[in-house]
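S.K.: So the protein lines, in turn, are chains A and B.
Residues -6 to 109 in our numbering are what the first sequence spells out, letter by letter.
Residues 46 to 159 in our numbering are what the second sequence spells out, letter by letter.
Keep in mind that the hints were calculated from the coordinates and are not lab data.
The model shown is predicted, which means the values in this text are computed figures rather than measured ones.
Glycine is no exception: its CB is placed at the ideal position from the N, C-alpha and C atoms.
Take these hints with a grain of salt, some might be off.
As the list claims (entries may be wrong) - Simulated coverage check for chain B against chain A, where a stretch passes if three residues somewhere in it have a Cβ under 8 Å from a Cβ of chain A:
1) 81 to 88
2) 144 to 152
Claimed, not checked - Here are some chain B residues the structure puts well away from chain A; computed CB gaps all over 12 Å:
3) N110
4) T115
5) R155
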Amino acid sequence: AQKVTQAQTEISVVEKEDVTLDCVYETRDTTYYLFWYKQPPSGELVFLIRRNSFDEQNEISGRYSWNFQKSTSSFNFTITASQVVDSAVYFCALSEGSSGTYKYIFGTGTRLKVLA
Amino acid sequence: NAGVTQTPKFQVLKTGQSMTLQCAQDMNHEYMSWYRQDPGMGLRLIHYSVGAGITDQGEVPNGYNVSRSTTEDFPLRLLSAAPSQTSVYFCASRPGTETYYGYTFGSGTRLTVV
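Modelling step: build the complete structure from the supplied sequences, incorporating the hints.
M.R.: Take a look at the structure:
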């Protein structure tokens, strides 16, 4: 069965601190995709990144980086030198290559508060 | 670029009333879906559509109907509103059914049923 766990409900950091958001997933498929979405206070969810199960290379985009480890079934998201604008709810999601219902499983989200 | 447009942004209903949440996308996406977001529960799939004329149920479909007469539009109907349907509703689309696509989300509808 699919499952995505974001154990951190809420994290508060002071601006310029680094912060890592954890995501642990469960799947029986060998082909799957992992995603991160950002939901700022305005409410709209924004796609950040996709990773497929065959690519374990870490990804870096500016202050954002993602660490995908199949051995621990984790896809963690790190923000370096956090800024107030990073305050948002962040969702991790999983979709399976063989899913007959074409749907994602979303985690419950982690609320990040960056304090000035 | 409009993307996914949802209306209304806010709505208050009385128990037993019906209403339709509108969703339209201008990206020619095949796949559209409706999610509800509740505190501590993430996003849960209500209904989805893989193309015009084709719809199917997600994990929480009870109390909701959908239709897909065109590629662009995917309205969600609440048949007889209940307080348990108080939630934030998101419409989302993606280019196709392949599971590697990311979603484009609408801005959401905050619904309160009293």
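S.K.: All hints, please: hold or fail.
M.R.: We went through each hint and held it up to the structure:
no.	hint	verdict
1	81 to 88	holds (count 4)
2	144 to 152	holds (count 8)
3	N110	holds (18 Å)
4	T115	holds (20 Å)
5	R155	violated (8 Å)
The structure is inconsistent with hint 5 alone, although it conforms to all the rest.
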